[in-house]
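Dock chain B against the given chain A, drawing on the hints supplied.
Each chain is listed here by its residues.
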Amino acid sequence: MIKSLIYSISFHVLIILLTILSLPFMLREPIDLPPIVSVELIEITDKTSIPFAPKARKVIEKVKEEEKRVVSEQAPPSLKEKEKLDRIPMPDENKEKQKRVEKKQNPEEVKPEIRQSSEFEKKEIIDTNQIAALIDKAKEEQALTKKDSSKVTQSSVKNSFATGLTLSQEDALRAQIFGCWSVPLGLPYDENLLVRIKLKLKKDGTILKSEILDHERMNTPGQKFYKILAESALRAIRICQPLKVPPTGYEKWKEMQLNFDPTEMIKG
Amino acid sequence: MIRVILILLFFLTQTNKAFSLIEVDITRGNLDPLPIAVSPLHVDPNSKTGSNIKVKELGEKISEIVEKNFKSTGLFNPLKKDAFVQKPDIAHLKPRFEDWRLIKAQALVTGKLLIKDEKLKIEFRLWDLTASKEMIALAFTTTPSNWRRVAHIISDKIYERLTGEEGYFDTRIIYVSEEGPKNNRIKKLAIMDQDGAKTKYLTLGNELVLTPRFNPTNQLVTYLSYFRNLPRVYLLDIETGVQEVVGNFPGMTFAPRFSPDGKKIIMSFAKDGNSDIYTMDLETRVVERITEDTSIDTSPSYSPDGKYICFNSDRSGLQQIYVMKSDGSDVKRITFGKGLYGTPVWSPRGDLIAFTKVRKGRFYIGVMRADGTGERLLTENYYQEAPSWSPNGRVLIFYRETKSNSKGEGHSAKLWSIDITGYNERKIKTETDASDPSWSSLLSK
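Residue numbers (the working numbering), protein chains in the order written: chain A, 1 to 268; chain B, 269 to 713.
Zero decoy hints are in this set.
Here are a few chain A residues that sit away from chain B, every Cβ distance over 12 Å (derived from the structure):
id	residue
1	D214
2	E216
3	P247
Derived CB-CB ranges, DEER-like:
id	chain 1	residue 1	chain 2	residue 2	range
4	A	M218	B	V513	51 to 57 Å
5	B	I404	A	R196	24 to 30 Å
6	A	P221	B	K349	34 to 40 Å
7	B	N298	A	S10	57 to 63 Å
Note that these hints are calculated values from the structure, not bench results.
Every residue gets a Cβ at the ideal spot worked out from N, C-alpha and C, and that includes glycine.
The shape of chain A in the complex, shown without the other chains (with noise of 0.2 Å):
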C-alpha cells in the first residue's frame, strides 16, 4: 500500500516537473514584445519589395500622425523616460516601467482603452493591422489574395506562438526570398507541391544545412516538377544567402522550416 502511495507520489511529482520543464507556455512569460520593434517596422517595410511600397509609406506616415496626436493627449512623458526607451530594457525593467507610467498617467484624462495597452503596445497593433490592411489592398488588385492574407497570418500565429521572430522580421526574410526565388512556370497546378526545407543557420544567416524534408520525392519516378520545384527553391535560399535574420535571437532561429508553395503564382 505504502509502497504504491510512494510510486504513485514520485509519478505524479515527476509528471509535473517535466511538463514544468518542457512546455514552453509554462516557462515563457506573457508575450510583451519590446519597444524597439515598432521602429523595426517603419525601417524593414521602406526595405521590403512589396509593389506598393510608396503606399504603404504614406499609410505608415498617417498613422505616425495619428499616434503623435493620441501621444499628445497623455500627460507627457519626463525626459528620463525617454532616454530609457531608446535602450532595450530587461524583461523586468519593462514591467518596472509600466508600472511607473501607469502612476504618472492621470487617470480621469486617459481613456479606459489606452490604459488597458502600454504606448509601445499600442503602436504595434496600430502598425501591424495597416500593415496587414496593404498587403490586403495589394493582393486584391491582383485578384488573388484572401488566401495569401490569411496565410501570412496563419504563420505569423505559428510563430508568435513559438516566439521566434516577429511580425516584421518574417515580413523582411519572406520578402527577401521572394527576390530570389525564380518560380518555374512550367507546373501544373493541380498538384501538391509544396516543398518543405529546413535549414540550419549560422549567426550571420549564411546556411550551414538545408535539408528537403520529402527528400524521396525528389528521386520518385513520376515526381519531376516536384524535382524541378525543390531545384530552384534551394536555389533561391543559396542565392539569397546570408539570410536576413534578427541580430539577436540566434537559439529561437538558428532552426528554421521554409515552406515554398507556388500554387499562387501557377494559377496567376
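Then chain B, alone, in the frame of chain A:
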C-alpha cells in the same frame, strides 16, 4: 516504470521541439527570367569535313541557336558572352563555379563537337551553378547537315530539365504564306522550323489554300483548297508531295483536323446553308456523321485522349463553343460569356481549350478549362484568330492582321506567339506575310 518515464520524456521533448521550429511560408517568387550562360561549343581540333560546313564557326552557331530558343520563351535570360570568364573547352571539363556565379548566372551550358568520318558528334552538359553540380549530360551523333536540329534538341533537353515540361524547339510550323495586294492575294502552303529558319513552300500558289494542320507524325498535312471554285479538304504528304481530295462529298468541306491517333480526319461539310461535323477514316474511307443539327456546326477539335470533341455552333442563336463525346452524344455548351466564340482548339495537355472571341468589334485570343470555366483572355487586337498549341501546351501561335487604309494599303498578316500566362507576346519572323499557323508535334519524339 523507467520505460514509461522514458516514453513520456520523449513525447514531451518532441512537443517542445514542434513548438519552437520557426516556419515561414513562401508563396510568391519572381517572374524574372532565369539567368543562364550558354558557352560556345568547343570544336575538337581533329574535326574534318568534306562538306561546305564551316566547322570552326559551328560551335558558336549552335550556342547562338540555343540562346535564341531560350530567349524566345521569356523564361530564360541568356547572358552576354563578353562577360564569360572561362574558355569553352575548360568550362566543359569542369567549370569554375564561383567565376560563373560572379556574372550572376544560375545555370551554365557547355559542350563540344567533333566531326569525323562525315559524322557530327555533339555532347553538352548543363550545370547548376548555385549547387555547383552537373544537372544533365547528353551526346548526339548525326550527319553534319543536321546541326540545326541538334541545337534545337539540346534546347529541348535543357528546357525540360529546368522547367519540368517538354520543350517545343525541335518542331515545325506550317502556315499560309500570303503575297500581293489584298484583293489579289497569292496564298501558298509554307513550312518552317519554329524559329523561322528553313522555310519551304509546298504549293505553287495557283489555288487558294487555308487552314493547314499536321497529323500526329508530322508527315501528312490536311488543309482546305479550292477545286473548281469549290472548297474541299485535301491531304498532302510532305515527303512525297502527293496530294488528294479527302472523301467524295457532294458539297463544300472545310475546317479539317486530324484525330489524336492520326487515323481519322474530322471536318465540316456544308449543304443547303447547314453545316455539320463529319469524320472520315483514312484507311477504310468510311464517312461518319457526328452532329445532326439545323445550325452551323464547325471548327471541330479532338481532346488529346480522343474521347471528346469541342466545336463551335450557332444553335443557341449566337456562335458559342460546345463539347460532346466523340460519337456526337452528350452535347454541352461551355461558353456563356458575351460575344462570339470560335476556333476552339484542345490543348495537347488536355486541361485547356484555346479560342478566338469577338466582342464589340475586337478580337481576343483566350484560354479556358475544358468545362468552360476559368476563361482568360490573353491578347486583344483589331483582327486576330486561329490559335494553335505548342506541343507542350505552353505557348499559342496565331495570326494577326493590321488594318489597311482607305486605299487598301498597309494591310499585313503576321504570326504571333503568346505564353498561356499572357506574358511574352512575340512576333514570329516569316519571309512573307503569314496566316493560319499550325504547330507540329516534337519531331524527335
